[in-house]
Amino acid sequence: MSDLVSLTRDNEASESELEGILQSIKNTIGQDIPNSTLLGLIKEVLMDEGENDRDLDFVQVVEGSADEVARDAEVDIFKLINEGSREDIDVAIAICQHLDENLPPEYQERVSPSDKLVTSLIEYGYKEKGSRYALISAVGLAKQLYESDSTQKDDTLRSYRATNYGAALGQLYQESGECERLYKSASLNEEAVSASLLASSIINSPKGTVIQSLSPEVNIVNSLAASLVDLFALKGSLDHLNRSIDIMERLVTAVTDPEWSDVRAEWLGNLATSLHRRYELGEPIFRGDLDQAILWTRKALDISAAEPGRRASLCTLAHLLGRRASDTKCLDTLNEAIGILREAMSQYQYPMDIELRVSLAMRIFQRSETVRDRSQTANDLGEAIALAGALLEDIPDDHSQRPHVQNFLGLFHYARFCQFGGSSNAVSALEYFKRALNSPSYPSVFRRVQAGRMMLRLCCDTGRWSEAYRAACDATRLIPKLSSQAIHNRDKERLLSADDIVGFGSDGAAAALNAGENGYAALRLLELARGSLASSILELRADASVLRGKHPELAHKFVELQNQLQDGVSNSLVRRHSASAEFDDLLDEIRKKPGFEGFMLPPGEEDVLEVARDGPVVVLCASTYRGVDAILVEQQGVSILHLECTLQDLETKSSDPKNLQFLKWLWEAISKPILVKLKLMGHSSGEALPRIWWIPTGILSRLPLHAAGHHSAGCTENVMDHAVSSYSSSIKALLQVRRSSRRPVEPKDSKALLIAMRNTPEQGSLPHAAKETDMIRSHLMNKQFRQIEHYGESSLKINVLFHLKTCDVFHFAGHGMENVFDPLKSTLLLHDWKESPLTVECILEQNLHEKRPFLAYLSACKTGSTTQIRFYDESIHLIGAYQLAGFRHVIGTLWSVDDEVSSQIAMATYNQMLSTGEMTDDSVSRSLHRAARQLRDDSQRKRAEGHEAYPRDVVLEDSDEDIRDKREWGWIPFVHYGL
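Under the UniProt record's numbering, the residue at position 541 of the sequence shown is numbered 541, and the numbers go up by one with no gaps.
Quick caveat, the hints were computed from the structure, so don't treat them as lab data.
Result set (DMTMM-like, lysine to aspartate or glutamate): computed pairs, CA atoms no more than 20 Å apart in a straight line:
hint : residue 1 : residue 2
1    : K805      : E746
2    : K751      : E789
3    : K658      : D937
4    : K783      : D922
Turn these sequences into a full structure, and let the hints guide you.
Written out as C-alpha cells, the structure is:
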C-alpha cells in the first residue's frame with residue numbers, strides 16, 4: 001500500500017500496478033474484499049478532500065482501472081458494516097485504518113476513511129442495525145483518531161474529531177447511563193466549538209446574525225447544545241438548559257440557506273424539545289416556551305422531507321401537544337397527538353425506536369386519565385401496557401432506558417389497580433417500580449426516587465408496611481444525590497422541592513413505625529430525606545481539624561476540593577463534575593479509616609443522643625398514613641409519642657396559625673402531651689426552666705410551637721411557662737452547631753455589625769429601627785465591645801458582606817421580604833435591595849464556619865417563614881441561611897411583626913444577654929424567652945394604649961392579613977435557632 005503515494009505523483013500509473021496495490025491491501029487485512037469497495041474508498045477520500053489536479057488525475061486512474069461494477073462505485077461503508085456483526089465491523093475498521101496509514105502526507109491531516117467510519121458505525125451499525133459492538137467500536141476508533149498526532153496539528157481536524165468522539169461517547173452514555181461519558185462528551189464538544197472559527201462565530205455573534213459561508217462545521221454547535229441538554233436531564237442544572245436554548249436560537253437564525261433545510265429542521269426540533277423541558281419546570285417566566293416550541297416544531301415539519309428528521313419532528317410535536325392537552329384538558333388535542341404518533345410509527349420504524357414507542361404509550365395512558373368512559377379507560381390502559389411491555393422485551397438488559405420503561409409500566413399498572421383493582425395489577429406495579437428503583441444502569445437519580453415514591457405509596461395504600469419501609473430506605477439513600485456538589489444551590493432547591501420529594505421523609509417515617517421499626521429508624525429516614533440542600537452546604541464547610549491530626553494528606557485534599565467546589569471551579573463544566581466525583585471518592589476513602597466510619601454521614605444513634613445533653617429534642621412529623629408523631633430524643637434514648645391528631649386536622653386548624661384559638665388547640669393536641677411525656681410540667685417556682693428543641697417537619701414547620709397554649713392572666717397552660725424553646729432544621733444541623741466551639745463571647749475581643757433601616761427605598765418607614773440599634777450599640781459599648789460598625793439607611797450589600805466575615809454579632813433592624821415562589825430570593829432590604837439584594841442565596845454562599853460568629857439577630861418580618869408546602873422540608877429561609885453560613889445562634893420571626901414591638905423585644909433580649917458580662921450559648925434563648933414573656937404579660941396594656949403598628953415586611957396591596965395580631969400578640973413570631 002505504500003506504493004499508493006507514488007501513484008498520486010504519477011498519473012500515468014498502469015492498471016496492473018494499481019491491481020497489485022489492491023491485492024496487497026487484501027493480503028494485509030486477510031480478507032477477500034471486492035475491488036469495487038476498495039476503489040470506492042480511495043476514490044471518496046480523494047474526491048472529498050481533493051484540492052488540485054493531481055488528485056483528480058489519480059481519481060481517473062482509479063476509475064479507469066476498475067471493472068464495470070467499480071467504475072461508478074463510490075464508497076459504501078454501510079456495505080462494509082453489513083449487518084453489524086463483529087466480523088463485519090472488524091474488517092471495516094481494518095480496511096479504513098490501512099487506508100489511513102498509507103495515504104500521502106497531504107491527506108494525513110484531513111478527514112479520513114476511519115473518520116467517516118465512526119459516523120457510519122453510530123448511525124447505521126448502532127442506531128439502525130442495533131449493534132452495540134458497532135457503538136463500542138466507534139468510541140474506540142474515535143478516541144484513537146482524536147488522540148493522534150495529526151489531530152493536534154490542525155484546528156479544523158481537531159474540531160471534527162472532537163465532535164465525532166463526543167458524539168460516540170454521548171451515544172454510549174445514552175445506552176449505559178455512565179455519567180463520566182457524558183461529562184467527557186460535553187468537554188469534547190466545548191473543545192470542538194473553540195477550535196472552529198465558524199462554530200465560535202455562531203455562538204458569539206449577536207442573535208439574528210445570518211452566516212453566509214457555511215460548511216458542515218455548523219453541526220458542531222448542535223452537538224454542544226445537545227450535550228448541555230443531556231447534562232440538564234442528568235443533574236437538573238438550569239444553567240445548562242438555558243445555555244443550550246441560547247445556542248440553538250443562535251444556530252437556527254444563523255443558518256437560513258434552503259440547501260440546509262433538512263438539517264435545520266432537526267435543529268428546530270431539538271430547540272423545541274429544550275423549550276418544552278424548560279416549560280415543564282413550571283416557573284412563570286417560562287410560560288411562553290410551550291407555544292414557541294410548538295411553532296418551531298411545525299416549522300421543522302414544513303421544511304423537512306427527509307428521514308430521520310421528519311420522524312423526530314413528528315414525535316416532538318406529539319409530545320408538545322400532549323403537554324398542551326394536559327394543561328387544557330382538551331381531548332381533541334390529545335387525540336391529535338396520538339394520531340401523529342401512530343402515523344410516525346407506521347411510516348418510520350426502527351428496531352430500537354424507544355422514544356417514539358414510549359411517547360405513544362404515554363399519550364394513550366394520558367388519555368385513559370382524561371376520558372370519562374370506563375371502557376375507554378380500560379382499553380387505553382391495556383394498550384399502553386401492551387406497548388410498553390413489547391418495548392421492554394426489545395431493550396437489552398443493560399440498556400439505560402430499560403428502567404425508564406419499567407417505571408412507566410409500574411405507573412400504568414398502578415393506575416389500572418386504582419381504577420379497577422386486582423391484586424395482580426398491584427403486584428406488577430410493585431415489581432416494575434422495584435426494578436427501576438434498584439437499577440444501577442438508570443442514570444437519572446430523580447427518576448429512581450420517583451419509582452421509590454410510587455412504590456412507597458402503593459405499599460402504604462395496600463398495607464404492605466415492611467415493603468413500604470424497605471422502599472423508603474432504598475429511595476431516601478438516593479435523595480442526597482439530588483444535591484450533588486456538581487450543581488448549584490438554585491438547581492438543588494428546584495429538584496428537592498419537586499412533588500415526588502416533598503413529604504417523602506414523613507411518609508417513610510410513618511411506614512417505618514407502622515412496620516414496627518423503632519424511633520431511631522424513623523428518625524434516620526427523616527434526616528436523610530429532608531434538608532439535603534443544607535447537608536450539601538455543611539459538607540463543604542465541615543471541619544477537617546480532627547482528620548488533619550490523623551491523616552494530614554487526606555485532610556489537605558479534602559479542604560482543597562471543598563474550596564474548588566465552593567468557588568465554582570472557574571465555571572468549568574467538566575471540572576466541576578470531576579471535582580464532585582473526586583469529593584465523593586475521597587469521602588469513601590476517608591470512611592475506610594478507623595474512627596472515621598461515620599465521617600459526614602447522617603448521625604448515628606449515639607450522635608443523636610448527644611444532641612439531647614442540654615435538654616430533649618422533639619422531632620415532629622405528619623403523614624396521611626399515620627397522623628402526627630413526636631419522635632422524642634433524650635439522653636437515655638429515642639421514643640415515639642403518637643398524638644391524637646390527624647393530618648387533616650392539622651391542615652384545617654393551621655390555616656391561620658396567628659389565631660389565638662389555634663394556639664389553644666395546638667397546646668391541647670400537640671405541645672401539652674409532649675411536655676407531659678417529657679415530664680417538663682412540674683418544675684418548682686424560681687427554678688430555671690428546662691430547655692427544649694423543636695424540629696418540626698412538613699406542614700408543622702410553620703407553627704409557633706413555643707407559643708402554644710392559653711395565655712390569659714395567671715394561666716400556665718402553655719409552653720412558655722414550662723420550657724425555654726429553641727428550633728433547628730434537623731438533628732444534623734443541631735449537632736454541627738453543638739460540636740463547634742462553645743466559648744462565651746468576650747466583649748473585649750468581639751466585633752458587632754449593626755444595621756438600622758429606618759427608611760428603605762419604596763418601603764414604609766420604621767421609626768423605631770434606629771432607636772433599636774442605638775440602644776443595642778449603647779449596651780455593647782458599656783460592655784466594652786472591641787469594635788462596633790453601625791450603619792444607617794444608606795447601608796449597601798457589599799459593605800454588609802465585608803463586615804460579616806469578621807463580626808461576632810450581626811443585628812439587622814429593617815424590612816424583610818419573603819419570596820413565596822423562590823425562597824432563595826427572600827431578602828433583607830438594604831438601600832440597594834432592588835439592584836443588589838442581600839438574599840438567602842447570597843448568604844448561603846458565605847462560609848463563616850472558621851470564624852463561627854456568635855449571633856445573627858434578624859429584627860425583620862418573615863425571616864423564618866416558608867409559605868409554600870413544597871419548600872417546607874428544606875427550611876429555605878433567612879434564618880436557615882444565616883445558620884448555614886456559620887452563625888451559632890439566629891433570632892428571627894415566623895411572620896410580620898410590629899416595629900415598636902420588635903424594638904422592645906430586641907432591647908430586652910440584649911439587656912438580658914449582656915447582664916452577666918459575657919454572652920453564652922445558653923443566654924441567647926433564655927434572654928429571648930424572658931423578653932417574650934415580659935411582652936406577653938404587658939399585652940393588655942399595649943392594646944389599651946392603641947399604638948399604631950409599623951409592620952416590618954413588604955405589605956402587598958391585595959394582602960388580607962390582619963395586622964392587629966402583630967400589635968396585640970407581637971411576641972409570638974420571635975424564634976431562636978441554635979444551641
